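Trainee: One-letter residues, chain by chain:
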Amino acid sequence: LAKTTQPISMDSYEGQEVNITCSHNNIATNDYITWYQQFPSQGPRFIIQGYKTKVTNEVASLFIPADRKSSTLSLPRVSLSDTAVYYCLVDTGRRALTFGSGTRLQVQP
Amino acid sequence: EAGVVQSPRYKIIEKKQPVAFWCNPISGHNTLYWYRQNLGQGPELLIRYENEEAVDDSQLPKDRFSAERLKGVDSTLKIQPAELGDSAVYLCASSSKTGGAGSYEQYFGPGTRLTVT
Numbered sequence: 003l004a005k006t007t008q009p010i011s012m013d014s015y016e017g018q019e020v021n022i023t024c025s026h027n028n029i030a031t032n033d034y035i036t037w038y039q040q041f042p043s044q045g046p047r048f049i050i051q052g053y054k055t056k057v058t059n060e061v062a063s064l065f066i067p068a069d070r071k072s073s074t075l076s077l078p079r080v081s082l083s084d085t086a087v088y089y090c091l092v093d094t095g096r097r098a099l100t101f102g103s104g105t106r107l108q109v110q111p
Numbered sequence: 604e605a606g607v608v609q610s611p612r613y614k615i616i617e618k619k620q621p622v623a624f625w626c627n628p629i630s631g632h633n634t635l636y637w638y639r640q641n642l643g644q645g646p647e648l649l650i651r652y653e654n655e656e657a658v659d660d661s662q663l664p665k666d667r668f669s670a671e672r673l674k675g676v677d678s679t680l681k682i683q684p685a686e687l688g689d690s691a692v693y694l695c696a697s698s699s700k701t702g703g704a705g706s707y708e709q710y711f712g713p714g715t716r717l718t719v720t
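Protein chains in written order, with my numbering: chain A, 3 to 111; chain B, 604 to 720.
Hint data in this document are derived by calculation from the structure and do not stem from the laboratory. Please note: incorrect hints may appear among the correct ones.
Not the full set, but computed from the structure, chain B residues with beta-carbon under 7 Å of chain A [what the hints assert, rightly or not]:
| no. | residue |
| --- | --- |
| 1 | Pro611 |
| 2 | Gln644 |
| 3 | Gly645 |
| 4 | Gly688 |
| 5 | Ala691 |
| 6 | Leu694 |
| 7 | Glu708 |
| 8 | Phe711 |
| 9 | Gly714 |
Quantities reported herein were computed from a predicted structural model and do not represent experimental measurements. For every residue, glycine included, the Cβ atom is placed at its ideal position computed from N, Cα and C.
Kindly produce the complete structure, drawing on both the sequences and the hints.
Mentor: Below is the structure:
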């Protein structure tokens, strides 16, 4: 399974755009890139998934360069409620996800 | 649509005692996962079921942990006897392929926080 590396923590202010970059140098051809969000005392929640280029949904955008060795989760105009841990994962099929330690995002007023 | 249900939410036991956790996945989800999450870490897989079959239990400490998923719906995870190092949050998740490629979106329950004293 591809190992991922992401920053341990990030700080931001309300209304700003936050970009969290994840590196996955050993990503396999069939692997997809998936991001989950976790609030305290809750299970992780799916945010977005992509294979290449750009994916956008109502919550976030995911940017994946051509070599797919990294990806960037973009959260537009964050609010206090976006304070959470964000996990970047690469996997395929229904195999269980391999979570790292994630990035702790702290949004301040 | 109801989410993944887990019970109990919290459990405190003394070491060497047995404990069991219950999970009811989202209706129609044939894949069920049990994860353990230690403080400050991401979840790590213990066991994965496809319907009634355990297809990946390589990370399950089989000397003290056991799991079952009767009739391919609800699942129970048991620890006997519990050790101090088992204190963690135990998460259950379920998934069902909704079409297309890629890894299947997993839906997690709120978890059971176990404290072993």
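Trainee: Any hints this thing doesn't respect? Which numbers, in order?
Mentor: As far as the earlier hints go, 1, 4, 5 are violated by this structure, in ascending order.
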